[in-house]
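A.B. asks: One-letter residues, chain by chain:
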Amino acid sequence: MRATRRAVLAGAGAALLASASGSAAGEVLWKRIPATGERIPAVGIGSWITFNVGGDPALRAECRAVMAAFFQAGGGIVDSSPMYGSSQEVIGDALAKLNRPPGLFSADKVWTRSPAGPAQIAETTRRWGVQRFDLLQVHNLIDWERNLDILAAMKEAGRLRYIGVTTSHGRRHDELEAVMRRRPPDFVQLTYNVVDREVEGRLLPLAFERGIAVICNRPFQRGRLPDRLAAHPMPGWAQEIGVSTWPQYLLKFILSHPAVTAAIPATRRVDHLRENKSSAFGPMPDPAMRRRMAEHVRDL
Amino acid sequence: MAGSWELEDFLPFSPRAYWRLFALANEAAWPAQPFLIAGGTLLVLFLLTGRRPSPRWLGPALGAAWLWAGWQFVALRYGALNWAAPTLAWGFYVEGALLAVLGLAGRPVFAGRGRGARAGTGLLAAAMLAWPILAFVDGRPWREAEVFAVAPDPTAAATLALLAVAARGRWTALLCVVPALWLALSALTLFAMGVWQGWAVLAALLAGLAACAARRP
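From first to last, the protein sequence lines are chains H and W.
Read in order, the letters of the first sequence correspond to residues 26 to 325 in this note's numbering.
Read in order, the letters of the second sequence correspond to residues 11 to 227 in this note's numbering.
Derived by calculation from the structure, the hints in this document are not laboratory data.
C-beta: ideal position from N, C-alpha, C; glycine also.
Hints may be right or wrong, so weigh each one.
[Claimed, not checked] Reference excerpt, derived from the structure (chain W facing chain H, CB under 10 Å, subset only):
hint, residue
1, E18
2, L21
3, A90
4, L91
5, N92
[Unchecked claim] Computed Cβ-Cβ distance ranges for the label pairs, DEER-style:
hint, chain 1, residue 1, chain 2, residue 2, range
6, H, G183, W, P41, 51 to 59 Å
7, H, A83, W, W93, 31 to 39 Å
8, W, F146, H, A144, 44 to 52 Å
9, H, G226, W, F146, 45 to 53 Å
10, H, E148, W, A121, 51 to 59 Å
11, H, D252, W, W206, 15 to 23 Å
12, W, W100, H, R227, 29 to 37 Å
13, W, W206, H, A83, 18 to 26 Å
14, H, T61, W, W152, 53 to 61 Å
15, H, E202, W, E18, 25 to 33 Å
16, W, G204, H, G261, 49 to 57 Å
17, H, G261, W, W93, 44 to 52 Å
[Unchecked claim] Footprint (simulated), chain W over chain H, 3 or more residues, beta carbon under 8 Å:
hint, region
18, 78 to 88
19, 99 to 111
Model the full structure from these sequences, guided by the hints.
C.D. replies: This is the structure:
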């Protein structure tokens, strides 16, 4: 499943999306991981801030309810990091109490200099309570060459399924591009949303060309985008793609890019989780509609 | 916006999770809070009537407050949300130990007079009596109230206030460092959280520093 950068840039997005998603119209959107062809739900869940609730039993119960709703809706990527405070422990606690439901695609990160990497990964594994991770990523490109060596060795030994590299807030794109060219990982994670679109220029076409799966973080700019858009009415033409709320609008925009594999919005509310998951249903915007969506938000 | 960081991007927790820490800390310390507030009220009245407390009991008492708040709140509870907090707790342990040891040695002498001491007494009243009300003013439950010796901010503000009542000296200046730094850091944290309480903490910091600067030898 390869395509040229020109094809992507030329806007043959609808056909490419169908190819990348492997889902028929009317079905929930799953997307293929280019490295293996494995299909995963396009809407995952992040844990930055929302799952960092320490040992608070009441807030942990809320997180568990969100996780339960997530798996009821098909599951997918659950993403965390050692940087996210107690989020890993909260996820591990929820998974144990939910009797390890099917549908988990476990994704975490290594966030330290190389000599400390294996110990941190072992601690992360203990907190999640998993046998092995589906995906481990080098967080914010920290010591990426040596950390990728560690992850590659784990993958070679069958202790890890996929390797990734992350960035966020539009930072260090040149370095990420260099990694993608020199040592293409299975996944990259980056910030992409309807207003932060710099990655459309080089990184997303490059990911598509090199067969690298893309996880999009900060789809709502930490909640600021839906808050800002809430003051405006939903345009009537959004009904054409089955959109009735701004979060659906924002997620459909991201998920409809042919290079994007998944978005990982974070939430601590079950109703928001269901709304996010609903974005993967129904028709997806074609390139013309995507342009219209971006221009509309820009002009508000 | 891509490519730029904002202060809030460095906070890995939500305001809701942060405020809930006080409820958990209060549960662990209950029923100490009524006694702490009553003790604070007596101390304010003690100062208002012109009497000066002995450092030999006030120093260890303040030290114990710092050790408890540092261990129970900053290290154990805040540390679960913020990986930097256990390191910050060491500042509380150092301040607590210094207050206790110096107090037993008779320092500092809480015998300051004039505007600085009066401002210090006012700030002490605010830290002991007004601070617990902030949660209620914010529309949050009483169980999230911030009480001296349980929560770090009123502990730091009360300490700055009492140091403003103390006579000038090297040790007094040294003891001001950790409370002032904590209040500055706390104000930044609260501003990053986008909550108005940051202004209250900043006001306490500025009032405490001004009161300390206005002390007479």
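A.B. asks: Work down the list of hints and note, for each, if the structure agrees.
C.D. replies: These are the hints, each one checked on the structure:
no., hint, verdict
1, E18, "8 Å, holds"
2, L21, "8 Å, holds"
3, A90, "3 Å, holds"
4, L91, "5 Å, holds"
5, N92, "6 Å, holds"
6, G183/H / P41/W: 51 to 59 Å, "56 Å, holds"
7, A83/H / W93/W: 31 to 39 Å, "22 Å, violated"
8, F146/W / A144/H: 44 to 52 Å, "45 Å, holds"
9, G226/H / F146/W: 45 to 53 Å, "51 Å, holds"
10, E148/H / A121/W: 51 to 59 Å, "52 Å, holds"
11, D252/H / W206/W: 15 to 23 Å, "18 Å, holds"
12, W100/W / R227/H: 29 to 37 Å, "45 Å, violated"
13, W206/W / A83/H: 18 to 26 Å, "24 Å, holds"
14, T61/H / W152/W: 53 to 61 Å, "55 Å, holds"
15, E202/H / E18/W: 25 to 33 Å, "28 Å, holds"
16, G204/W / G261/H: 49 to 57 Å, "34 Å, violated"
17, G261/H / W93/W: 44 to 52 Å, "47 Å, holds"
18, 78 to 88, "holds (count 6)"
19, 99 to 111, "holds (count 4)"
Comparing the model with each earlier hint shows violations of hints 7, 12, 16; every other hint is respected.
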